[in-house]
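Each chain, written out:
2 protein chains.
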Amino acid sequence: MKKKVFELLTLAAASPAPVHCLLPHSCHVLQESLLSSASGYSNYRGILNWCVVMLVLSNARLFLENIIKYGILVDPIQVVSLFLKDPYSWPAACLIIVSNVFILAALYTERRLAVGTISEMTGLILHMFNLTSLLIFPSATVLSVPSMTPVGGVLSLGVYTVLFLKLYSYQDTNRWCREIRQAKAKRLTRSYSCKYITVHAHVTYPGNLTHRDMYYFVFAPTLCYQLNFPRSSRIRKRFLMRRLFEMWMVPTIQNSMKPFQVPNHLIWLIFFYWFFHSSMNFVAELLQFGDREFYKDWWNSETVTYFWANWNIPVHKWCLRHFYKPMLRKGINKFCAQTAVFLVSAFFHEYLVSVPLKMFRLWAFMGMMAQVPLAWFVSRFLNGNYGNAAVWISLIIGQPVAVLMYVHDYYVIHYGGTT
Amino acid sequence: MKKKVFELLTLAAASPAPVHCLLPHSCHVLQESLLSSASGYSNYRGILNWCVVMLVLSNARLFLENIIKYGILVDPIQVVSLFLKDPYSWPAACLIIVSNVFILAALYTERRLAVGTISEMTGLILHMFNLTSLLIFPSATVLSVPSMTPVGGVLSLGVYTVLFLKLYSYQDTNRWCREIRQAKAKRLTRSYSCKYITVHAHVTYPGNLTHRDMYYFVFAPTLCYQLNFPRSSRIRKRFLMRRLFEMWMVPTIQNSMKPFQVPNHLIWLIFFYWFFHSSMNFVAELLQFGDREFYKDWWNSETVTYFWANWNIPVHKWCLRHFYKPMLRKGINKFCAQTAVFLVSAFFHEYLVSVPLKMFRLWAFMGMMAQVPLAWFVSRFLNGNYGNAAVWISLIIGQPVAVLMYVHDYYVIHYGGTT
Chain A
7 MKKKVFELLT LAAASPAPVH CLLPHSCHVL QESLLSSASG YSNYRGILNW
57 CVVMLVLSNA RLFLENIIKY GILVDPIQVV SLFLKDPYSW PAACLIIVSN
107 VFILAALYTE RRLAVGTISE MTGLILHMFN LTSLLIFPSA TVLSVPSMTP
157 VGGVLSLGVY TVLFLKLYSY QDTNRWCREI RQAKAKRLTR SYSCKYITVH
207 AHVTYPGNLT HRDMYYFVFA PTLCYQLNFP RSSRIRKRFL MRRLFEMWMV
257 PTIQNSMKPF QVPNHLIWLI FFYWFFHSSM NFVAELLQFG DREFYKDWWN
307 SETVTYFWAN WNIPVHKWCL RHFYKPMLRK GINKFCAQTA VFLVSAFFHE
357 YLVSVPLKMF RLWAFMGMMA QVPLAWFVSR FLNGNYGNAA VWISLIIGQP
407 VAVLMYVHDY YVIHYGGTT
Chain B
7 MKKKVFELLT LAAASPAPVH CLLPHSCHVL QESLLSSASG YSNYRGILNW
57 CVVMLVLSNA RLFLENIIKY GILVDPIQVV SLFLKDPYSW PAACLIIVSN
107 VFILAALYTE RRLAVGTISE MTGLILHMFN LTSLLIFPSA TVLSVPSMTP
157 VGGVLSLGVY TVLFLKLYSY QDTNRWCREI RQAKAKRLTR SYSCKYITVH
207 AHVTYPGNLT HRDMYYFVFA PTLCYQLNFP RSSRIRKRFL MRRLFEMWMV
257 PTIQNSMKPF QVPNHLIWLI FFYWFFHSSM NFVAELLQFG DREFYKDWWN
307 SETVTYFWAN WNIPVHKWCL RHFYKPMLRK GINKFCAQTA VFLVSAFFHE
357 YLVSVPLKMF RLWAFMGMMA QVPLAWFVSR FLNGNYGNAA VWISLIIGQP
407 VAVLMYVHDY YVIHYGGTT
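Heads up: the sequence lines are chains A and B, in that order. In our numbering, each residue carries its 1-based index in the first sequence increased by 6. In our numbering, each residue carries its 1-based index in the second sequence increased by 6.
Source of the hints: derived by calculation from the structure; they are not laboratory data. Take the hints with a grain of salt, since some may be wrong.
Label-pair restraints from in silico Cβ distances [what the hints assert, rightly or not]:
#1 B:SER385 <-> A:TRP254: 27 to 37 Å
#2 A:ASN389 <-> B:TYR421: 48 to 58 Å
#3 B:ALA44 <-> A:PHE383: 33 to 43 Å
#4 B:SER385 <-> A:LEU334: 24 to 34 Å
#5 A:VAL157 <-> B:ILE419: 55 to 65 Å
#6 B:ILE338 <-> A:TRP254: 31 to 41 Å
#7 B:PHE366 <-> A:LEU250: 34 to 44 Å
#8 B:VAL407 <-> A:VAL157: 41 to 51 Å
#9 B:SER385 <-> A:LEU246: 25 to 35 Å
#10 A:ALA44 <-> B:GLY164: 24 to 34 Å
For every residue, glycine included, the Cβ atom is placed at its ideal position computed from N, Cα and C.
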């Protein structure tokens, strides 16, 4: 009998393969696992939620304890004391209030230029003088006023740097408007179609040169000026509340993590979310500012260049529009222009760290300039997930090293050379 | 002069809005931030890489120290001693070797059925006897042999449970084949088209009833039998090496994390990756088994049901094909069928924990059954990212609680009631 079974089996196995399957119950298909890079799958929204849940849960106990003991953790007096050594002199706040002078100077110069009472050259000189003062005046103040704390210094220099970039964009854009107006007068230009629909009244040059328009731009979460920003149709109250809640919650979580000696890198990540997502979206929602692209998907960057071009979109947009592209138009080659952008970025990084700490060490400058060879190395030798891992490692290791350099030197200077 | 400026400005502002923009330099577009749930964006591959980099970096120091001190961390003697109290009696290994008897019993029963020397009823009874023995024999051995360690017990019971599911699928599928053959003989069935192209010879029933085919199925990373599994065209050596490296690396990392008191949940995540991605893909690559869907995107699950249906695809596929769908065909309603699946799953969870620990506490059983009301609650009250967070929290909190229950009771029994 056994022989019979085998005969049958051999017969069946040897029979020619049919073009159709006999079995309707096939339940396997040729396919890759999702986590294999070959699958091309990339939806990991859940992993992000996991990170948030782990962060919240791992701090929940301490967080609750702190709330029970001390109430809300963001102690207003402690926050204020960060800015003031002497509560009767508010140098940082005064400095920020004074910045209005520079804003109005830029506006009035533009008004003169619009009606032609001053020449283009005079206007340019006035603007350049105004912009240079915007960098020199606050740094001189920070360096000379002894009651200025480092945090107050960083904050006011930050405000002035943002204003510098904004007002540079303002004069550039208005000059372009005048050039178009002139070209139009000579019937040389074609009309440009409008890409967005807006419920707000449409403004044309020089109708934009109002205080209202200027201050809208100053407070709007962007560094690039344009007439008629795209506007959202209404303020979504729930969205606003969620962002406000995050703005309060995130520093609280961060505070409650201090005892854990959390890596510097994690603090930077949380800061990124707090500033670029919660705060900027909050301000934008309040101002009905429509363009919410404050960052792109830098977490997926496979090259260093991609990271720098996507983590801080307002600055990247400014660099591209007012620095990189004008250079290309002047015939400078791509690599030189890119290096120049990194140089300017390195200058501002150094400026924002050295002046408030009153310590000139060039670590921040060198850190930024080191990105150029690093970018070359990563793009040359690594790609895909390996490139991504290299970018993460450079962030995780690079930042704390740079910060440590300054902290070390700051302690050595202020508390004596203990090491 | 100031008046003139204002007149001009008012004029410009009041002029009717043109349909085209005067300014070609518009650089803002109405859009949402990527992290806003409204954007619909979900590519977070980089976040996954970040988790891996953080895991590796945060353990690198300890990892290197351990390697320098002790060499490779997976000490073979230590591993072996987990399975054996007495190295001269290898109960777990013996038990696994004996399992061949059941495999061959199933194959020979099928051969008899194929040629019709035994009736369908006799075959069914033989199979049921074989399958029942597959569950009773190893548990009786584990409970009666004193030299069996808990790890050895879990491992051998795991092997037997997998075999139980595989052989159940084997007899079910072969019976379907016979039914089709009979229907074909009566000219009642249409032919089914084949969905995949294979380079291997196509086999038809009963040509599949060979030792080679049976053992291929036993070792293949699936629980559902089918004739002519989809096969990959070749063994990719680099893929194989990467998975092998991971299979060695992942437990090493896990080992090096022990001193950190890492949450149980993280160990489960790492185990998931090690077993369902590295090991299963390794075996599949070696056997040129084409269907690599061992898990779906459970990390994005917004309901508990979605999680259970997607984290362990081999078991889910088996339940659907051999338990849930046959029940539906018999006219049982959906909810009852689903609850029955959870009941069977709860039984096996309890079986795999209670027997090796020789402790009957029903925690695992109740844990699984608690999923039914939990699933109802989450799907009723939460959705989107909130649902996802709820699933994560139930995983993060639920697993350690269940494990703790057993560990606590195990210590109380074996080391006296100290608490």
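Kindly confirm whether 25 to 35 Å is satisfied by the beta carbon distance between SER385 of chain B and LEU246 of chain A.
Holds: the Cβ-Cβ distance is about 29 Å, inside 25 to 35 Å.
Determine whether the Cβ-Cβ distance between ILE338 of chain B and TRP254 of chain A falls within the hinted range of 31 to 41 Å.
violated, 52 Å
Range agreement (Cβ of ILE419 of chain B with Cβ of VAL157 of chain A, hint 55 to 65 Å):
Since the Cβ atoms of VAL157 of chain A and ILE419 of chain B sit about 58 Å apart, the hinted range of 55 to 65 Å holds.
Mind checking the hinted window 24 to 34 Å against the Cβ distance between ALA44 of chain A and GLY164 of chain B?
For GLY164 of chain B against ALA44 of chain A, whose Cβ atoms are near 29 Å apart, the range 24 to 34 Å holds.
If I claimed the Cβ atoms of PHE366 of chain B and LEU250 of chain A lie 34 to 44 Å apart, would that claim hold in this structure?
violated, 53 Å
Using the Cβ atoms, figure out if ALA44 of chain B sits within 33 to 43 Å of PHE383 of chain A.
holds, 38 Å
Whether the CB-CB distance between ASN389 of chain A and TYR421 of chain B falls inside 48 to 58 Å
Holds, at about 54 Å.
Within 24 to 34 Å or not, the Cβ separation of SER385 of chain B and LEU334 of chain A?
violated, 55 Å
Between VAL407 of chain B and VAL157 of chain A, does the C-beta distance stay in 41 to 51 Å?
holds, 44 Å
The hint says 27 to 37 Å between SER385 of chain B and TRP254 of chain A; measuring C-beta to C-beta, is that right?
Hint holds: Cβ distance 31 Å, inside 27 to 37 Å.
Taken one by one, the earlier hints fail for this structure at numbers 4, 6, 7, listed in ascending order.
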